[in-house]
Amino acid sequence: MGDLNTAAVNPGKTRRRGGIKRRHRPAEIIVTVVLSILALFVIFPFVIPFLFAAKTQLEFAYHPWAWPKSFQIKNFIDAWKAVRIDRGLINTLMVCIGSIVCTIPPAALAGYVFARYRNRLTEIFFYLILIGYFIPVQMVLVPLYKMEVAMKINDTLYGLFLPMAAFGIPFWTLIYRSFFRSLPNELAEAARIDGAGHWSVLFRVMLPLAQPATVLAILLVFIGAWNDYLLSLILLTNQDNFTMQLRIASFLNAYGTDRMPRYAAAAIISAAPTLILYIIGHRWIIRGTLAGAIKE
Amino acid sequence: MVVTAGRSASQGKGRKRERGTTLFIFLCVLPALLFLAIFLYYPIVETFRISQMKTSGLSEEVFVGLDNYRKLFADEEFLAGLKHVFSWVFWSIVIQLSLSFFIAFGLTYYSNRMSGTLRAIFYLANILPSAITAMLGKMVFAPNYGILVTIGKVLGWKWLASTDFLGNPKLAFWSVFVIATWAYSGFYIIYFMARMEQIPRDLREAAELDGASALRYAWSIVLPDLSYAIRICAVLCTVGSLKLFDLPYLMTTGGPGYATVTLGISLYRHGFVNWNYGKAAAIGVVIFVLSLVFTIIQFTLGKKKDT
Numbered sequence: 001m002g003d004l005n006t007a008a009v010n011p012g013k014t015r016r017r018g019g020i021k022r023r024h025r026p027a028e029i030i031v032t033v034v035l036s037i038l039a040l041f042v043i044f045p046f047v048i049p050f051l052f053a054a055k056t057q058l059e060f061a062y063h064p065w066a067w068p069k070s071f072q073i074k075n076f077i078d079a080w081k082a083v084r085i086d087r088g089l090i091n092t093l094m095v096c097i098g099s100i101v102c103t104i105p106p107a108a109l110a111g112y113v114f115a116r117y118r119n120r121l122t123e124i125f126f127y128l129i130l131i132g133y134f135i136p137v138q139m140v141l142v143p144l145y146k147m148e149v150a151m152k153i154n155d156t157l158y159g160l161f162l163p164m165a166a167f168g169i170p171f172w173t174l175i176y177r178s179f180f181r182s183l184p185n186e187l188a189e190a191a192r193i194d195g196a197g198h199w200s201v202l203f204r205v206m207l208p209l210a211q212p213a214t215v216l217a218i219l220l221v222f223i224g225a226w227n228d229y230l231l232s233l234i235l236l237t238n239q240d241n242f243t244m245q246l247r248i249a250s251f252l253n254a255y256g257t258d259r260m261p262r263y264a265a266a267a268i269i270s271a272a273p274t275l276i277l278y279i280i281g282h283r284w285i286i287r288g289t290l291a292g293a294i295k296e
Numbered sequence: 001m002v003v004t005a006g007r008s009a010s011q012g013k014g015r016k017r018e019r020g021t022t023l024f025i026f027l028c029v030l031p032a033l034l035f036l037a038i039f040l041y042y043p044i045v046e047t048f049r050i051s052q053m054k055t056s057g058l059s060e061e062v063f064v065g066l067d068n069y070r071k072l073f074a075d076e077e078f079l080a081g082l083k084h085v086f087s088w089v090f091w092s093i094v095i096q097l098s099l100s101f102f103i104a105f106g107l108t109y110y111s112n113r114m115s116g117t118l119r120a121i122f123y124l125a126n127i128l129p130s131a132i133t134a135m136l137g138k139m140v141f142a143p144n145y146g147i148l149v150t151i152g153k154v155l156g157w158k159w160l161a162s163t164d165f166l167g168n169p170k171l172a173f174w175s176v177f178v179i180a181t182w183a184y185s186g187f188y189i190i191y192f193m194a195r196m197e198q199i200p201r202d203l204r205e206a207a208e209l210d211g212a213s214a215l216r217y218a219w220s221i222v223l224p225d226l227s228y229a230i231r232i233c234a235v236l237c238t239v240g241s242l243k244l245f246d247l248p249y250l251m252t253t254g255g256p257g258y259a260t261v262t263l264g265i266s267l268y269r270h271g272f273v274n275w276n277y278g279k280a281a282a283i284g285v286v287i288f289v290l291s292l293v294f295t296i297i298q299f300t301l302g303k304k305k306d307t
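Sequences listed follow chains A and B, in order.
When the letters of the first sequence are read in order and numbered with the working numbering, they come out as residues 1 to 296.
When the letters of the second sequence are read in order and numbered with the working numbering, they come out as residues 1 to 307.
No wet-lab data here; the hints were simulated from the structure.
It cannot be assumed that every hint is accurate.
[As the list claims (entries may be wrong)] Dumping the calculated DMTMM-like pairs for lysine to aspartate or glutamate here, alpha-carbon to alpha-carbon at most 25 Å:
1. K16(B) / D194(A)
2. K152(A) / D67(B)
3. K243(B) / D67(B)
4. K16(B) / E123(A)
5. K74(A) / D86(A)
6. K146(A) / D67(B)
Using the sequences plus the hints, can you model the full thing?
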């Protein structure tokens with residue numbers, strides 16, 4: 001689990017480890033072609049919204065799958081107004097930032113203690129947090145909603161990102177724990193001999209070293225919060241508070257296919273941030289996703 | 001390690017230092033525990049309590065014991081959800097995991113310049129918001145404008161052009177399943193690939209020297225080596241199926257009839273549409289118990305096979 005940095009999860013690097021130069025065999029070519037065709041099937045659906053969003057409503061009604069005659073930028077503007085995308089983006093962004101701020105620091109602190117201070121006390125705490133990792137979110141929805149109503153934080157954005165953070169903390173604690181375990185002990189020891197206390201070792205030495213884990217956490221927590229649907233659906237009721245995903249889903253329910261080009265345009269805008277993040281950082285994202293599962 | 005460092009100092013100083021260490025541990029763990037206590041531990045306990053109550057949120061709570069559970073097992077929607085979850089688990093393990101295994105094996109065994117890109121593409125659908133995944137699913141299967149129907153029209157296949165995939169109870173489940181396979185297999189692929197790359201290269205070279213074909217190598221060396229990884233994925237598959245909500249809800253809202261209802265959907269409907277908290281909490285408990293049981297079963301079964 002600790003090998004966030006190893007080449008084990010990176011196919012490009014392991015290829016030449018054997019030092020053998022292989023020629024491309026026919027089987028290899030056939031398999032690669034078949035897999036590429038499969039990959040085309042995977043990618044193809046991503047093209048559909050662009051095809052639809054470029055058309056006028058009339059054009060869509062008659063020739064949904066034909067090549068668009070001209071690119072209707074108007075759909076994007078209309079969608080922006082109809083779904084109030086500006087509001088949705090701000091709400092979702094707030095949820096993402098809140099989720100990042102509330103998930104990562106507690107997880108990093110707890111993970112550090114579990115990695116470096118191992119005794120019976122921390123063991124008990126560790127298992128307490130591990131329980132959280134195995135609880136399906138669905139199990140607690142009803143009491144969560146009741147509690148939020150009682151606390152009067154339902155239908156607010158922080159009422160959404162606080163539980164979201166709570167559900168994410170166990171996983172990220174595990175990740176930080178294994179990351180801190182994989183760091184060499186010498187630096188912390190040296191700092192301690194120089195008279196640094198627990199806190200300054202943590203903040204001056206260890207946390208800066210954990211930067212790769214933190215970058216991953218920020219990336220993945222952001223994507224998770226951006227994509228959330230179920231929690232937002234249950235906890236938010238006021239249209240003004242709706243996140244992007246809720247807006248997209250309710251737009252489809254309200255208009256069905258009558259406004260498909262506009263809807264497709266809105267969908268493109270709402271999926272764009274995660275997609276762009278993925279295209280830039282897919283190596284990191286994949287590596288980070290695997291880090292959670294790989295050496296358990 | 002810190003504790004021993006403290007001990008080497010003089011006795012009084014050591015104790016003070018130890019107390020400082022304990023305080024440090026508490027302060028570091030406190031935020032995480034606080035979050036979990038409020039938003040997880042307390043609701044867990046509450047779920048068990050509410051599941052034994054007759055309550056709608058507005059009305060008074062009345063203790064009814066296991067009555068909610070008894071009612072659930074006479075509830076058509078819940079039973080449909082339960083049935084679908086079981087077949088969903090079965091088919092995802094059979095279809096999604098084996099498909100992912102072959103794709104991962106192909107990408108690893110014949111790794112070349114394309115492999116990295118292909119891997120990134122196969123995982124792409126996994127990071128999409130489920131609202132978008134469901135929308136794309138609708139665009140594929142919808143009547144009138146869906147791509148399958150359009151293909152049917154172009155080719156003049158009336159049976160395809162007139163098929164309502166999401167409106168037909170028999171096809172709706174499989175339509176959602178196809179989209180789920182498209183969206184979720186990516187994780188299993190990247191996970192299997194990471195595992196396959198950890199297999200020592202010598203094994204493969206030895207197999208090749210012995211004249212083993214790619215399939216033989218996959219069957220005799222890679223598959224046994226991945227048994228643990230496959231078990232992990234089976235557990236993830238199972239727990240994921242128990243929690244399944246977004247995709248079927250957004251694509252079909254569980255319909256037509258109860259054709260695509262899952263446990264997650266029936267929980268949502270009972271709790272947040274009909275406002276029957278007691279029943280919904282009982283479904284929550286069922287989801288929890290089932291995911292626990294499945295996880296334990298899959299790990300004990302797997303262990304026996306290993307030895």
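Checklist line | Hints violated by the structure (listed by number, smallest first) | finding: 2
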